[in-house]
Amino acid sequence: MPHDHHDHAGLSPSGHPYREDQDNSLSYWQAMEIAVRELMIEKGIVTAEEVAAQIDAMDARDPSQGAAVVARAWTDPAFRERLLADGSAASAEMGFDVGPMKLIAVENTADVHNVVVCTLCSCYPRNLLGLPPDWYKSRAYRSRTVREPRKVLAEFGLTLPENVTVRVHDSTADMRYIVIPARPDGTDGLDEAALAELVTRDSMIGVGVAKTG
Amino acid sequence: MTPDATGKRWHDMGGDLAHPLAGPIPDGDHDFALWEKRVDALVILAGLKGVFTVDGLRRVLEDMGEDAFETMTYYERWVASLNQNMLEQGVYSVADLGARMAEVQARGTTYADATDAGA
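Sequence order for the protein chains is A and B.
Take 0 as the starting number for the first sequence in numbering that gives the first Met the number 0 and just add one per residue.
Take 0 as the starting number for the second sequence in numbering that gives the first Met the number 0 and just add one per residue.
Extracted from the complex, chain B is given alone in its bound form (with noise of 0.2 Å):
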């Protein structure tokens, strides 16, 4: 990316009409799957909880870049940024979310199977 003088970073959207994806309004529009309404659920209640805040949320989000912001899923973006708010918090560590991971995936190859399992 070329540097901007304007000092805004790439979340900062409004009115940037050179981006080539400020094309026609998508016309997505769609239920969520029940992991996405997790993670929304999870967030909400973290907040609700005090362990997290939406500038929390924010700021993970934003320093993910542009990048993520194309390639990756609103939600998929949303756990990553739980993820990371919770490990700063200190609510779990890196090393119990490895060991957690890899338990949950050989638990099953579907997200039914891996939940399932572990409810």
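For reference, chain A alone in the conformation it holds in the complex (with noise of 0.2 Å):
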């Protein structure tokens, strides 16, 4: 399944497909969306400049962030080191903040497979990941990937080892995973640049693995 959107062709800066237009008719939701803005502008809660540069912050955030922080862990021992340790405060280090919630980074090994669920609503990584994709929030990657990892693992394309162990781990709203990716063999002589390309959305989410080049 064409699941990852790592190559940009044709997709927005948050990298997804655009969306059909929706300006055929005006929903009852849309409506309401725009009244409940102009009420929490008027009432003071919100400027309109400040919904406006809150969605330019969404627009910039897409994997590359999250791309960044595992190529700096797969290149600087110290650092990955101190993401594992506090995953908040490694990713702020590098520019990243993650707010108030708590980043946990798990690590990918020759022996260990981890991938990241919220079963209770779509809890995600957002400031390193952007925003979530539809079939993370769907019933169906909720409910079934803490009971059988593996078969929806396989939806993906990763059929794993039978050695390996798969660790699932369930995100909280207050609580996120992020997962680092095995560096690919052969990528000795690439710089931090160079291996940040091969860290995929989908890699960090534990439901893919790094390209190998």
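Simulated from the structure, these hints should not be mistaken for laboratory data.
Check before you lean on any hint, since a few could be wrong.
The list that follows gives simulated cross-link-like pairs (lysine to any residue, SDA-like), each with its CA atoms no further than 20 Å apart [claimed, not checked]:
1. A:Lys136 x B:Val59
2. B:Lys48 x A:Thr46
3. A:Lys136 x B:Arg8
4. A:Lys136 x B:Asp66
5. A:Lys101 x B:His29
6. A:Lys42 x B:Lys48
7. A:Lys136 x B:Gly55
8. A:Lys136 x B:Leu20
9. A:Lys101 x B:Gly6
10. A:Lys210 x A:Asp187
11. B:Lys7 x A:Ala139
12. A:Lys136 x B:Glu75
13. A:Lys136 x B:Gly64
14. B:Lys48 x A:Val45
15. B:Lys48 x A:Val97
16. A:Lys42 x B:Ala101
17. B:Lys48 x A:Glu49
18. A:Lys150 x B:Ala101
19. A:Lys42 x B:Val93
20. B:Lys7 x A:Ser121
21. A:Lys136 x B:Val93
22. A:Lys150 x B:Pro25
23. A:Lys136 x B:Arg58
Each of the two chains sits in its own frame; use the hints to bring them together as a complex.
Below, the structure is given as structure tokens:
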């Protein structure tokens, strides 16, 4: 399945295909959004400029931020240690503010593969990866991943050997996970920027692995 | 729905393989429309301003029930929850909302018309 859109061909700044224009007729919920926004502005809760700036910041976030963190961890052992000890602080070091949430980085090895889900809602490390893909929020992914992760991973084209332990991490509203995928073999000569190109969004959710080149 | 002795509510989906919709992982993945991004931005900003928490967002989403999860889109549910929380916080009244929605709907038949007229 074409789940991973790392090549950005025909994609929006946040790495998704553009959605079909919804501006055919004003829906009830769209009217509610306009009304709520205008009332929140009039009551002094937010300003129109803040809303616009927040959307710009959202559009600027994409999986390349997470990929930069992973590539740093691959090339800088001291950073890797700090990332595994405190994901939020290590991300902040690189200028990526993950807010008050606790970010936990989990590392894939030859023996362990990690995958992230949010069974209760749709918690996702959005400050490092952008907004979550639709499938991440689906009932199918939320219900099945904790029970039959190997089957789910196989649907993403990832079949793991039986001797590899699969660890499923269930996110919460206050705690997010990001997977540090295993560094591919044969990448010793690549610098940090080139390595970051190998790190896909799906590899950081754990439904994929890093590209090999 | 049959009563569930585990005490789990509908949103607690982990492991519920028996659900008819727990099928293949859907292949949906797209960018969001402007109105959806605005809902997201309002939720985040209201949280930063201290008039809203993610717990308040979730409480209303979960109380909407399973039917809303299946029939409304993600940001339709979010705007409904944001609105409910703003009403509860007293940011505006139900009458304010009703009057403003009628006004918005009278501006035009597309989102762009209804938004631009009020900008």
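Structure-based check of all given hints:
A hinted pair counts as satisfied when its Cα atoms are at most 20 Å apart, and Lys136 (chain A) with Val59 (chain B) qualifies at roughly 17 Å. For the hint linking Lys48 (chain B) to Thr46 (chain A), the alpha-carbon distance of about 11 Å falls within 20 Å, and the restraint holds. Distance check on the hinted pair: Lys136 (chain A) and Arg8 (chain B) sit about 17 Å apart at the alpha-carbon level, within 20 Å; holds. Of the pairs offered as hints, the one joining Lys136 (chain A) and Asp66 (chain B) holds, with about 16 Å between alpha carbons and a cut-off of 20 Å not exceeded.
Between Lys101 (chain A) and His29 (chain B), the direct Cα distance comes to roughly 27 Å. Violation of the 20 Å bound is thereby established for this hinted pair. Between Lys42 (chain A) and Lys48 (chain B), the direct Cα distance comes to roughly 13 Å. Compliance with the 20 Å bound is thereby established for this hinted pair. Between Lys136 (chain A) and Gly55 (chain B), the direct Cα distance comes to roughly 19 Å. Compliance with the 20 Å bound is thereby established for this hinted pair. For a cut-off of 20 Å, the pair hint linking Lys136 (chain A) to Leu20 (chain B) stands: about 13 Å separates their Cα positions.
The suggested pairing of Lys101 (chain A) with Gly6 (chain B) is violated, with an alpha-carbon distance near 28 Å, which exceeds 20 Å. Taking the CA atoms of Lys210 (chain A) and Asp187 (chain A), the gap is about 14 Å. The hint holds against a cut of 20 Å. A distance of roughly 17 Å separates the Cα atoms of Lys7 (chain B) and Ala139 (chain A); the hinted pair therefore holds under the 20 Å criterion. A C-alpha spacing of about 14 Å is found between Lys136 (chain A) and Glu75 (chain B), which places the hinted pair at or below 20 Å, so the restraint holds.
A threshold of 20 Å between alpha carbons decides the hint, and for Lys136 (chain A) with Gly64 (chain B) the separation of about 16 Å falls inside it, so the pair holds. This hinted pair checks out: Lys48 (chain B) and Val45 (chain A) have alpha carbons roughly 8 Å apart, not beyond 20 Å. For the hint linking Lys48 (chain B) to Val97 (chain A), the alpha-carbon distance of about 17 Å falls within 20 Å, and the restraint holds. The suggested pairing of Lys42 (chain A) with Ala101 (chain B) holds, with an alpha-carbon distance near 19 Å, which does not exceed 20 Å.
The hinted pair formed by Lys48 (chain B) and Glu49 (chain A) meets the criterion: a straight-line CA distance of about 11 Å does not exceed 20 Å. Distance check on the hinted pair: Lys150 (chain A) and Ala101 (chain B) sit about 49 Å apart at the alpha-carbon level, beyond 20 Å; violated. For the hint pairing Lys42 (chain A) with Val93 (chain B), the CA-to-CA distance comes to about 14 Å; that is within 20 Å, so the pair holds. At most 20 Å may separate the alpha-carbon atoms for a hinted pair to count; Lys7 (chain B) and Ser121 (chain A) meet this at roughly 17 Å.
The hinted pair formed by Lys136 (chain A) and Val93 (chain B) fails the criterion: a straight-line CA distance of about 30 Å is larger than 20 Å. With a C-alpha separation of about 14 Å, the suggested pair Lys150 (chain A) and Pro25 (chain B) falls inside the 20 Å cut-off, and the hint holds. A C-alpha spacing of about 17 Å is found between Lys136 (chain A) and Arg58 (chain B), which places the hinted pair at or below 20 Å, so the restraint holds.
When the structure is compared with the earlier hints, violations turn up for hints 5, 9, 18 and 21 and for no others.
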